[in-house]
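Protein sequences appear in the order of chains X and B.
Per this note's numbering, residue 1 is the first one in the first sequence, and the count goes up by one each step.
Per this note's numbering, residue 1 is the first one in the second sequence, and the count goes up by one each step.
No lab work stands behind these hints: they were computed from the structure.
Please note that a few of the clues may not be correct.
Footprint (simulated), chain B over chain X, 3 or more residues, beta carbon under 8 Å [unchecked claim]:
1. 17 to 26
2. 185 to 193
3. 198 to 210
4. 263 to 274
Here are the computed distance ranges between Cβ atoms for each label pair [to be verified]:
5. V342(B) x G235(X): 45 to 53 Å
6. L60(B) x N59(X): 48 to 56 Å
7. L17(X) x E33(B): 44 to 52 Å
8. N59(X) x Q204(B): 31 to 39 Å
9. L17(X) x L90(B): 49 to 57 Å
10. S316(X) x A13(B): 46 to 54 Å
11. P335(B) x E34(X): 47 to 55 Å
12. Q204(B) x I319(X): 49 to 57 Å
13. F195(B) x S316(X): 27 to 35 Å
14. L60(B) x P179(X): 22 to 30 Å
15. F89(X) x F195(B): 29 to 37 Å
16. P117(B) x S288(X): 43 to 51 Å
17. T259(X) x G197(B): 27 to 35 Å
18. I25(B) x S288(X): 58 to 66 Å
Facing chain B, according to a computed beta carbon distance under 7 Å, are these residues of chain X, among others [stated by the list, open to error]:
19. Y31
20. T32
21. I151
22. V153
23. M155
24. G302
25. Y306
The beta-carbon is built from N, C-alpha and C at its ideal position, and this holds for glycine as well.
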Amino acid sequence: MFSYLVRRIAYAFPILLGVNILLFLLFFFAYTPEDMAETILGEKRVTQEQIDNWMREHNYHLPRFINLAESFPATLTRTIFWQKSMHLFALEFGHSDVDNTDIGAEIKRRIPYSLCVTLPVFMASLMINIMVAMVVAFYRATYIDHMALVICVLMMSISLLFYIIGGQYLFAIHLRLAPVSGFDAQFPHTIKFLILPIVISLIGSIGGGVRYYRTIFLEEINRDYVRTARAKGLGEGTVLFKHALRNALLPILTNVIVTIPFLIMGSLLLENFFGIPGLGNYTIDAISKQDFAVIRAMVFLGSLLYIGGLILVEISYTIADPRIRIQ
Amino acid sequence: MTALLNNWYAKDAIVLVVVGIMGWIGSLLMRREVWRSAMRQVFRRRMVRISAFILALYTLIAILDSVGYHPPLRDADHALHRHPETGRVLYDQDGKSLLDLILTPLSAMHEKTYSAPLAATQFTMETLYDDEGNTTRGYPPLAHPRRHLLGTDRVGNDVLYLAIKGIRTGMIIGGFTTLLVIPFAILFGVTAGYFRGWVDDAIQYVYTVLSSIPSLLLIISFMIVFGRGLTQLCIIMGITSWTGLCRVLRGETLKLRELEYVQAAEAMGVSRPRIMFQHIVPNLMHIVLITAVLSFSGRVLAEAVLSYIGIGVGAATISWGSMINDARQELARDPIIWWKLVAAFVFMVGLVLPANLFGDALRDALDPRLRTE
């Protein structure tokens with residue numbers, strides 16, 4: 001198991017290196033540090049001297065890949081690629097281009113706020129979606145099933161933006177059931193601010209979720225073991241909720257576990273609309289301030305979490321399904 | 001009419017070319033009985049026929065909005081505007097699409113500012129002067145009372161006109177991007193699956209790297225580097241979306257290449273490109289079509305989100321995303337201005353819902369393994 005893990009993580013390294021090189025090409029070739037300095041200092045009325053100063057302060061004055069002015073190890077390390085891209089591997093995100101704050105510390109500070117929303121949404125949506133999907137699968141090929149499908153497709157066709165705008169208007173502004181936006185880290189007050197984003201997010205996810213899990217259940221229902229269970233004289237309810245559910249958990253697992261690491265990234269739209277100071281809001285701020293260092297850090301973090309999620313899926317597979325053996 | 005003939009243009013001529021090529025490929029496919037019977041099955045349900053009709057209508061509007069002409073510039077007294085030295089007639093550089101021509105009655109109905117749907121008076125109060133010179137506060141009558149089906153926006157444009165103009169942006173982002181990336185996905189997916197070995201490793205590496213970056217974050221990085229715009233958005237959405245299809249096609253090719261009919265072709269000395277494109281690709285087209293239609297709606301929805309967070313098509317292009325973005329401030333007013341949001345909502349759902357329904361029907365008909373009913 002241990003050697004397998006080590007090998008799996010070693011496989012991830014070239015992928016992350018590729019991500020890094022891609023980001024580097026995008027942020028330092030397509031858009032040069034000079035362009036960046038000009039954007040941040042203000043396009044007009046900026047002197048070459050100011051640009052040079054800014055670039056020196058933020059370590060953007062170095063050569064990109066190879067520094068011939070230095071002796072051997074420094075030829076590679078005293079470069080933008082090493083300082084800005086390779087340092088990401090050590091989770092050193094560096095400093096913001098705009099206000100020079102430590103990005104790593106800021107990310108750490110904001111993760112709990114993001115989790116406040118994403119974690120309850122993740123758990124509740126998983127439970128609600130699976131339960132509704134099972135009920136729909138129970139009534140398969142009936143009028144109920146047909147209507148449920150149509151409603152699901154309709155709900156999937158509506159952008160999350162509309163759920164947020166409509167929900168905020170209806171519950172916060174019109175009915176005054178919850179505050180419009182804001183955040184309070186003090187425990188009992190937090191709930192008041194979180195309830196609306198969580199509910200809206202659940203409503204937004206239900207269409208796609210129910211439809212997806214319904215397909216998984218219907219696939220299981222056609223398997224041989226289900227026929228055997230029915231032949232033994234078990235009721236349709238027992239077959240579905242006991243036998244099929246257990247076996248359906250495997251495909252559900254794959255789909256769900258990949259997303260777990262992403263929970264710490266938060267949700268861009270929800271955090272922005274409801275003023276929750278998590279990582280999603282951090283990204284939106286970085287976009288509006290053109291803070292490239294922060295965006296680079298978030299992209300790298302995103303890929304790291306995705307690859308981490310894939311490794312988690314493989315591990316959980318070997319635990320959940322004894323048929324799969326690690327070589 | 002002569003102006004139309006002499007100065008026609010195709011905004012994004014490439015759109016028309018790609019649509020034409022896809023139509024041609026579609027007609028080639030329809031010669032096969034498998035596809036004809038699948039299509040008959042798809043269109044058997046009334047809901048699907050309605051969906052297909054609405055999609056065709058949207059497509060028609062988008063195409064009409066992509067072809068047009070440069071109208072000659074005219075002075076206030078309708079005389080032709082000429083170049084001061086050469087005396088040649090000058091033409092409007094922005095051009096006018098055929099859709100603009102059809103919608104002239106709508107776009108010409110300007111008001112001063114907001115007005116509610118079908119209202120006779122303006123939405124905001126103004127100081128009014130009556131005949132005797134007395135001033136009162138009141139709602140001034142509109143220039144075109146009860147003619148704006150969906151009201152007008154802050155600068156007095158008809159909202160229905162804006163929503164219709166948004167169709168082209170939505171269709172290009174949703175549909176055109178797909179059509180652009182499909183050839184790449186097929187080429188790389190089939191090559192990787194058929195040749196295996198180092199070719200497979202290289203192609204797998206590229207798409208694994210691309211797909212391991214969360215697509216929203218990659219789109220954000222790309223848009224912030226290259227600036228806002230429809231072209232940039234199409235390119236980056238293409239880059240983020242070919243990987244999924246490519247992976248599926250590679251997997252299917254790995255299965256197909258082991259089948260007897262491919263091995264028979266190999267034994268008979270059929271060349272490799274011919275095997276790939278004549279024997280394998282036609283048997284993958286159902287996957288391509290299903291993916292194309294189902295990913296369409298996702299992209300239309302994504303455009304709205306991107307425009308909302310400020311990295312979408314930009315202010316110069318009319319899109320549903322930017323309409324929603326405007327609506328955010330309008331909803332904070334009291335009494336609220338809801339019609340721009342509702343217009344964007346209705347037009348978006350009107351496109352995404354039929355696309356989803358049609359995609360599901362295609363999947364049920366073409367991929368029996370995924371059949372749900």
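Consistency of the hints with the structure:
{"no.": "1", "hint": "17 to 26", "verdict": "holds (count 5)"}
{"no.": "2", "hint": "185 to 193", "verdict": "violated (count 0)"}
{"no.": "3", "hint": "198 to 210", "verdict": "violated (count 0)"}
{"no.": "4", "hint": "263 to 274", "verdict": "holds (count 4)"}
{"no.": "5", "hint": "V342(B) x G235(X): 45 to 53 Å", "verdict": "holds (47 Å)"}
{"no.": "6", "hint": "L60(B) x N59(X): 48 to 56 Å", "verdict": "holds (55 Å)"}
{"no.": "7", "hint": "L17(X) x E33(B): 44 to 52 Å", "verdict": "holds (49 Å)"}
{"no.": "8", "hint": "N59(X) x Q204(B): 31 to 39 Å", "verdict": "holds (35 Å)"}
{"no.": "9", "hint": "L17(X) x L90(B): 49 to 57 Å", "verdict": "holds (55 Å)"}
{"no.": "10", "hint": "S316(X) x A13(B): 46 to 54 Å", "verdict": "holds (51 Å)"}
{"no.": "11", "hint": "P335(B) x E34(X): 47 to 55 Å", "verdict": "holds (50 Å)"}
{"no.": "12", "hint": "Q204(B) x I319(X): 49 to 57 Å", "verdict": "violated (26 Å)"}
{"no.": "13", "hint": "F195(B) x S316(X): 27 to 35 Å", "verdict": "holds (33 Å)"}
{"no.": "14", "hint": "L60(B) x P179(X): 22 to 30 Å", "verdict": "violated (46 Å)"}
{"no.": "15", "hint": "F89(X) x F195(B): 29 to 37 Å", "verdict": "holds (33 Å)"}
{"no.": "16", "hint": "P117(B) x S288(X): 43 to 51 Å", "verdict": "violated (33 Å)"}
{"no.": "17", "hint": "T259(X) x G197(B): 27 to 35 Å", "verdict": "holds (33 Å)"}
{"no.": "18", "hint": "I25(B) x S288(X): 58 to 66 Å", "verdict": "violated (43 Å)"}
{"no.": "19", "hint": "Y31", "verdict": "holds (4 Å)"}
{"no.": "20", "hint": "T32", "verdict": "violated (10 Å)"}
{"no.": "21", "hint": "I151", "verdict": "violated (12 Å)"}
{"no.": "22", "hint": "V153", "verdict": "holds (5 Å)"}
{"no.": "23", "hint": "M155", "verdict": "violated (10 Å)"}
{"no.": "24", "hint": "G302", "verdict": "holds (4 Å)"}
{"no.": "25", "hint": "Y306", "verdict": "holds (5 Å)"}
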